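A.B. asks: So you can see what is in the structure, the chains are spelled out below.
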Amino acid sequence: MTQHHDIVLQLDDISQAYDRHLVVRNLSLTLNQGEIGCLLGESGCGKTTVLRIIAGFEPLLNGTVKLNGKTVSAPENTLPPAKRNIGMVFQDYALFPHLTIADNVGFGLRKFSHVERVHRIQEALELVGLYAEHSKYPHEVSGGQQQRVALARALAPKPQLLLMDEPFSNLDVTLRERLSMEVRDILKENGTTALFVTHNQHEAFAVADRIGVMHNGEIQQWDGSHQLYHEPLTPRIAEFVGEGALITGTVKKDRTVESGLGPLQGSFNVDFPSGSAVKILIRPEDIIHTEDSPVTAEVLRRNFRGANVLYNLRLDNGDKVQALVPSHCEHQPGERIGIRPDVRHLVLFADS
Amino acid sequence: MTDSIRQCGVAARAATSRLLKPSGWQIVTGLVAVLIIVPLSVLLLAWLDPAWDIWQHLRETLLATLLFNSLKLIIGVGTGTLLLGVSLAWLTGACDFPGRKIFSWALLLPLAMPTYVLAFVFLGLFDFTGPVQTQLRQWFGNGIWVPDIRSAFGVVIVMSLALYPYVYLLARNAFQTQGKRGLEAAESLGCTPVSGFFRVVLPMARPWIAGGATLVLMETMADFGAVSIFNFDTFTTAIYKAWFGFFSLPAAAQLSSLLVVLVFIFILIEQRMRSRMRFSQSRITARAERIDLHGWKRYAATGYALSVLLIAFLLPALQLLIWTLNIFSEEFDKRYIELLGHSLGLGLAAALLITSVALLLAYAGRRHRDRLTSNLVRLATLGYALPGTVLAVGIFIPLAGLDNLLIDTARSLFGIELPPLLQGTIAVMLIAYLVRFMAAGFKPIDSAMHRVTGNIDEASRLMGLRGLRLLTKIHLPMLRGGLLTALTLVFVDVMKEMPITLMTRPFGWDTLAVKIFELTSEGEWERAALPSLTLLLTGLIPIVLLMRGADK
Chain U
52 MTQHHDIVLQ LDDISQAYDR HLVVRNLSLT LNQGEIGCLL GESGCGKTTV LRIIAGFEPL
112 LNGTVKLNGK TVSAPENTLP PAKRNIGMVF QDYALFPHLT IADNVGFGLR KFSHVERVHR
172 IQEALELVGL YAEHSKYPHE VSGGQQQRVA LARALAPKPQ LLLMDEPFSN LDVTLRERLS
232 MEVRDILKEN GTTALFVTHN QHEAFAVADR IGVMHNGEIQ QWDGSHQLYH EPLTPRIAEF
292 VGEGALITGT VKKDRTVESG LGPLQGSFNV DFPSGSAVKI LIRPEDIIHT EDSPVTAEVL
352 RRNFRGANVL YNLRLDNGDK VQALVPSHCE HQPGERIGIR PDVRHLVLFA DS
Chain G
593 MTDSIRQCGV AARAATSRLL KPSGWQIVTG LVAVLIIVPL SVLLLAWLDP AWDIWQHLRE
653 TLLATLLFNS LKLIIGVGTG TLLLGVSLAW LTGACDFPGR KIFSWALLLP LAMPTYVLAF
713 VFLGLFDFTG PVQTQLRQWF GNGIWVPDIR SAFGVVIVMS LALYPYVYLL ARNAFQTQGK
773 RGLEAAESLG CTPVSGFFRV VLPMARPWIA GGATLVLMET MADFGAVSIF NFDTFTTAIY
833 KAWFGFFSLP AAAQLSSLLV VLVFIFILIE QRMRSRMRFS QSRITARAER IDLHGWKRYA
893 ATGYALSVLL IAFLLPALQL LIWTLNIFSE EFDKRYIELL GHSLGLGLAA ALLITSVALL
953 LAYAGRRHRD RLTSNLVRLA TLGYALPGTV LAVGIFIPLA GLDNLLIDTA RSLFGIELPP
1013 LLQGTIAVML IAYLVRFMAA GFKPIDSAMH RVTGNIDEAS RLMGLRGLRL LTKIHLPMLR
1073 GGLLTALTLV FVDVMKEMPI TLMTRPFGWD TLAVKIFELT SEGEWERAAL PSLTLLLTGL
1133 IPIVLLMRGA DK
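Order-wise, the sequence lines are chains U and G. If you read the first sequence in my numbering, its first letter stands for residue 52, the second for the next number, and so on. If you read the second sequence in my numbering, its first letter stands for residue 593, the second for the next number, and so on.
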């Protein structure tokens, strides 16, 4: 169990509404020292509002926000952003175009002496690998570099918590992947506690230690990436995180579930009495292609991905699954292929 | 191998011939640029034959006053427009308060009122015999002290109220894209809202604010009507007096050249600011969120915006309306219809001329993307910075010279007496307008032209459209909005224009603006109201255009 003094950020039952419409509902989470958290959800799910509440830009309707044990937000009581010692990386970076990169990074360091300020600017820019560009203006460097300047600016005052709003959304796909790993390395090296929001699960997996899946202003699951993928709490999360399909089945004795893929056996995520109708989560890697299998399925669509091919298949009972097959096996839509399920842990949901 | 060498040779020759032989487009652009260079050279050349006696007189009596007065105006109007323009722009651009949407366009309305109209309405309202002072005397007795409106202070107030929209318009643009994001970034780095405003919000908008302020100062230096109504001597009124009081064109030219030096300083600053604006353009594409004002601040914002609007536009417009109703039956006659006809005809002719030439310039800039052409285009559209009085002198002198040359040649070669061909015709006026208002016509057409990309031409060619059909089916429809805006802007600018019209019009050929000048120089405020109200209504047209383009 984590020690109490390790908790940097604690949200207790917070809610916020715009025009009587709840955008954040009774949301709670904690983040420990040095952890990177992520709120993952589609746009409009309230994740950015949570970030703005923590930063102190938005008041609270209900609940409390604690930073290192001190209450900073409660209804009718909001500590101004400037007094929170929180760093923020904005979605559009919000770099100051009239200041050089060094001056941008030094902006939040007014309270330090000149020598200390210069030292911290250098330290922060070296951390993100941009010290060579310190005398340039933001518009003179690339988008990826601007992103890292924004990170350096937010980190320079050594905030107790770093917030990032869709930090990679303005970058192109290849850069996004590289930078997300770089940012994780930088934050870990610096020991920074951080919370960021994104709609992109690959970013969430690449950067975060703990991920909160948000929907309609609520966190539906707050867990590590492995648990989210393998132990999703709801059918929605199961379909939202990663690829996969839910097929119908009936629970039998001896930890067996009867389904369109034949009998499936393994550990269950939740116990269901024998005879229950369930939905079973099948990930594409759970299906193995073997020509001599008794179970066959019809190819509906194929999506060539280089090393492997993702097939959309229809089982005899009409259920659909996806299968990831090495790309040397070529099959066309309309063909029937033999498949074998390979699942050791079954993720089941009640079929309503 | 040899083929490719020959191709290189052909390409090289084509390139050199392009350099040496300018195209038709470049020649047109060059000619318009010459129209600006000639008056400027003429003014400088006037120093070769200085009118020493008048100059001496000017230096002893007037020059120090002129410089001092100009300085007062620059500092006073600069400060006034910055305070009004920036505060209103930030409130309507980045904040939200009751009536914000209405104010964001209504605060542009003062642009519709020529400065000289606001000037005489203010005199009429606040002068010793005006309604305000009369009322005050009734309430507090004869001894009450009221600041004299006929003073540097009065001119500064009037010009600040009339010109702040330039700062407002540009600064609001900057604040609008910034939204609350700049302030939030500053706050997340330890600033209070107030220190964030001065350390981030204002500096980020600085190029736009400074750009608006230089436009204001150019207008201030160029203003002739308002200062002459206030009997406040500046270079423009001195130029007018030198020409029409002392009948000395050389002295007018020398004074003009001094004013040109002042104006050029502002041009340099403005061009610098424009390039900065390009670089500091923020990349935010989504609409920025506004700061919600709470409690008393909401109503303070509404009250402030409303009082500026009342003083700068609504009350003066109401006063004009009352005066007009008083005198309408006497003043609205055949003579007035004739004036109106002159103004409308002149505006229309100038609008057609300038729009056509601006279209040629825009095509030239599109066809030739080399440095020479773009510099020529910039030079050709620089006339907006030259005061009307200066242009009147600078264009009249060479044209009169040309006329005299023609008359002399005709007399000595053929023994015939020619009448002056150009002097005292509206041609002089039109050429001066062409220089002064080229930018007003060029900008909307040019920005419309940027939408007609090379790919559009190529797409049309692939579908078999070329030549004239390409022009009529694709280009003109795409440029139509820009052309209409150009026509309107130039038309209204010419209608309101005072010094060029006054100084170069054919004898006895009056317009609304000239009539206003004559009536106000005799203190006939009431009688000047009818033509002023007409100009005010015309001036509303471009504001409506601006509004439609500006705020959602």
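None of these hints come from the bench; they were simulated from the model. One thing to keep in mind: the hints can contain errors.
Claimed, not checked - Output of the computed footprint for chain U on chain G, the stretches with three or more beta carbons under 8 angstroms from beta carbons of chain U: (1) 768-781; (2) 784-798.
To be verified - Calculated lysine to aspartate or glutamate pairs in the EDC-like style (CA-CA distance at most 16 angstroms, straight line): (3) U:Lys209 x U:Glu177; (4) G:Lys772 x U:Glu109; (5) G:Lys772 x U:Asp57; (6) U:Lys304 x U:Asp322; (7) U:Lys121 x U:Asp57; (8) U:Lys371 x U:Glu381.
Here the structure is a predicted model, which means the values were calculated and not measured. Ideal placement from N, C-alpha and C gives every residue a C-beta, glycine not left out.
A.B. asks: Are the hints correct? Go through all of them and say.
C.D. replies: Going through the hints against the structure:
1. Only residues whose C-beta sits within less than 8 angstroms of a C-beta in chain U count toward coverage, and the region 768-781 of chain G has 8 of them, enough to reach three; the restraint holds.
2. Given a C-beta distance limit of less than 8 angstroms, the hint that chain U covers the region 784-798 of chain G holds, as 6 residues qualify and 3 suffice.
3. Of the supplied pair hints, the one linking Lys209 of chain U and Glu177 of chain U holds, its CA atoms being roughly 14 angstroms apart against a limit of 16 angstroms.
4. A threshold of 16 angstroms between alpha carbons decides the hint, and for Lys772 of chain G with Glu109 of chain U the separation of about 12 angstroms falls inside it, so the pair holds.
5. The hinted pair formed by Lys772 of chain G and Asp57 of chain U fails the criterion: a straight-line CA distance of about 34 angstroms is larger than 16 angstroms.
6. With a C-alpha separation of about 12 angstroms, the suggested pair Lys304 of chain U and Asp322 of chain U falls inside the 16 angstroms cut-off, and the hint holds.
7. The hinted pair formed by Lys121 of chain U and Asp57 of chain U meets the criterion: a straight-line CA distance of about 13 angstroms does not exceed 16 angstroms.
8. For the hint pairing Lys371 of chain U with Glu381 of chain U, the CA-to-CA distance comes to about 20 angstroms; that exceeds 16 angstroms, so the pair is violated.
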